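Sequences listed follow chains A and B, in order.
Each residue of the first sequence is one higher than the one before, starting from 23 at the first, in the working numbering.
Each residue of the second sequence is one higher than the one before, starting from 23 at the first, in the working numbering.
The hints are simulated quantities; they were obtained by calculation from the structure and are not laboratory data.
In this text the structure is predicted, and so the values were computed from the model without any measurement.
Keep in mind that a hint or two might mislead.
No copy labels: a pair is met if it fits in one copy or bridges any two.
[Said to hold, decoys possible] For lysine-lysine, the following PhoX-like pairs were computed, each having C-alpha atoms within a straight-line distance of at most 25 Å: (1) LYS177 x LYS215; (2) LYS275 x LYS59; (3) LYS194 x LYS244; (4) LYS38 x LYS324; (5) LYS52 x LYS246; (6) LYS324 x LYS293; (7) LYS272 x LYS194; (8) LYS194 x LYS59; (9) LYS318 x LYS275; (10) LYS310 x LYS59; (11) LYS97 x LYS275; (12) LYS310 x LYS215; (13) LYS293 x LYS308; (14) LYS253 x LYS310; (15) LYS226 x LYS293; (16) LYS226 x LYS318; (17) LYS52 x LYS318; (18) LYS194 x LYS97; (19) LYS293 x LYS194; (20) LYS177 x LYS318.
Number of protein chains: 2
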Amino acid sequence: MNYKVDTQIFFKSLQKSICAALEAEDGLGKFEIHEWKRLGGGGGITAVLQDGAVIEKGGVNFSSVEGVLPAVVAKALRVESTHFFATGLSIVIHPNNPHVPIIHMNVRYFETSTNGRSEEQWFGGGIDLTPHYVDKEQAKFFHQHLKNTCDARGKEMYPEFKKLADEYFYIKHRDETRGVGGIFFDRMYASQKYNLHNRFEFIKSLGNSFAPIYTHLMSVNKNKSYTPEEKNWQLIRRGRYVEFNLVYDKGTKFGLDTDGRIESILMSLPKMASWPYDPQFEEGSKEKETLSLLKKGIDWLK
Amino acid sequence: MNYKVDTQIFFKSLQKSICAALEAEDGLGKFEIHEWKRLGGGGGITAVLQDGAVIEKGGVNFSSVEGVLPAVVAKALRVESTHFFATGLSIVIHPNNPHVPIIHMNVRYFETSTNGRSEEQWFGGGIDLTPHYVDKEQAKFFHQHLKNTCDARGKEMYPEFKKLADEYFYIKHRDETRGVGGIFFDRMYASQKYNLHNRFEFIKSLGNSFAPIYTHLMSVNKNKSYTPEEKNWQLIRRGRYVEFNLVYDKGTKFGLDTDGRIESILMSLPKMASWPYDPQFEEGSKEKETLSLLKKGIDWLK
Chain A
23 MNYKVDTQIF FKSLQKSICA ALEAEDGLGK FEIHEWKRLG GGGGITAVLQ
73 DGAVIEKGGV NFSSVEGVLP AVVAKALRVE STHFFATGLS IVIHPNNPHV
123 PIIHMNVRYF ETSTNGRSEE QWFGGGIDLT PHYVDKEQAK FFHQHLKNTC
173 DARGKEMYPE FKKLADEYFY IKHRDETRGV GGIFFDRMYA SQKYNLHNRF
223 EFIKSLGNSF APIYTHLMSV NKNKSYTPEE KNWQLIRRGR YVEFNLVYDK
273 GTKFGLDTDG RIESILMSLP KMASWPYDPQ FEEGSKEKET LSLLKKGIDW
323 LK
Chain B
23 MNYKVDTQIF FKSLQKSICA ALEAEDGLGK FEIHEWKRLG GGGGITAVLQ
73 DGAVIEKGGV NFSSVEGVLP AVVAKALRVE STHFFATGLS IVIHPNNPHV
123 PIIHMNVRYF ETSTNGRSEE QWFGGGIDLT PHYVDKEQAK FFHQHLKNTC
173 DARGKEMYPE FKKLADEYFY IKHRDETRGV GGIFFDRMYA SQKYNLHNRF
223 EFIKSLGNSF APIYTHLMSV NKNKSYTPEE KNWQLIRRGR YVEFNLVYDK
273 GTKFGLDTDG RIESILMSLP KMASWPYDPQ FEEGSKEKET LSLLKKGIDW
323 LK
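Just chain A, with the same shape it has in the complex (with noise of 0.2 Å):
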């Protein structure tokens, strides 16, 4: 099996399905593509929609980048290669209504090498859900889905992913998580209990689980009125997103660090975001409510 080419075909088919699925059910946003290369090797293919019925600005995005490894990345990874192959998928979908939550998915796999000998190779990636207001049954909902995709791999996946993502969706300076987690899972190599094919089958799993599950979450949501009070909230919670990208998340500083296509790696940024100063909420109000909800360790599942 070459992970190198199964993986890039993978992660295309993917693609399309997903870009397929939120077409349908946005039912008039239409994606555009957009052909990348890389100076150093690779490229990628952004797919955004723009201005949707239902979301406001989504990208789909795949990348596959080669290259000589820069020795800042090869520090942060703790590898001493000295070539890079890296190939994913990366998602993040910003809707228009307040009441349909931002969701995050990434699924990766990488390569390293040095004078053309492979030496490491592992799956990466994560998901998880940014309600602007948490509704607890969602939450559970979400949780379940990928609860489920992990048990049918193994019983201590979900777990383990689980208290990793509350750990990395994690906005320091605000002592906050992102929203309710998912899972999280930054480096699975082959081990003793799972090849590397077991590993390509989790992510698949994982990857052909996102389109039924943020469908879902945008068809029961959409339709939902709010006011603008509520639009006022979600613009600050996209502040809160956009603080988590650019300061902590490690997708984005990997794309800055090897020259990636700007526009492709900060499409996870909202369309618009506001931070007005120190705004202040009511006890008991529906913003205090998920304030006190942005916390590690909650388990959804009860």
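We have chain A; now place chain B onto it with these hints.
Just chain B now, kept in the frame of chain A:
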């Protein structure tokens, strides 16, 4: 002379006079004052004006913090001291009208010490202008004032500090300067030529020049009419401002790393910003012209 005391007195007094001048030119908005304490030592006085006639969101923040120097900060500063004292004034003004430029100034005094023994003392700071649309005459006005302030203390200062500003106020991943630059001086120690007293006098002159410079730029631009397209462009330029502050700005990083008050540190972010996907502008448009001027090394005084 006790710099710890005298710098604080100056920065607090400068905060008051700048707030008064900005309120007078705005004509509607009033600064709200918020005093805060830092758990590890010190605190600050945050002054924010929101929803004025000219200023949409502007902060003029005094802070005076001290305590144990976090290892990550000591490393960034390349000092071995265990304690620090830092006081300064930080200003960022985001106007409503896209024809009024964004402005930033920071002036500060820093000391490091170990076991109560003062080790290093320096002044630092910078000021830069970010017009949404570059107006060469106004860029010249701005730089001429900075040059005059510098020249009064030493003819070598303006060229050196102007170059440092071009390097510092630079968004690497966009290959764009933040705006038309200004001056930047990170660590001005006492030297053979300039003692700390001279340095402080320079900081005072620069601080006192802020209000006349910016109220002039408010005054000549605030009544210009603008189109929805110009407003959109302003929101995009603000997005770049957010990118700079969250990805590169050392003051923001210092604040986050030393557990400063988040809303005071992030007062630099605009009330509203926008990231449409890959916006395109016509050749010959004012937007393209501005983009062509966001480059290092332009001599605005010509």
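Broken hints, by number: 3, 4, 6, 12, 15, 16, 17
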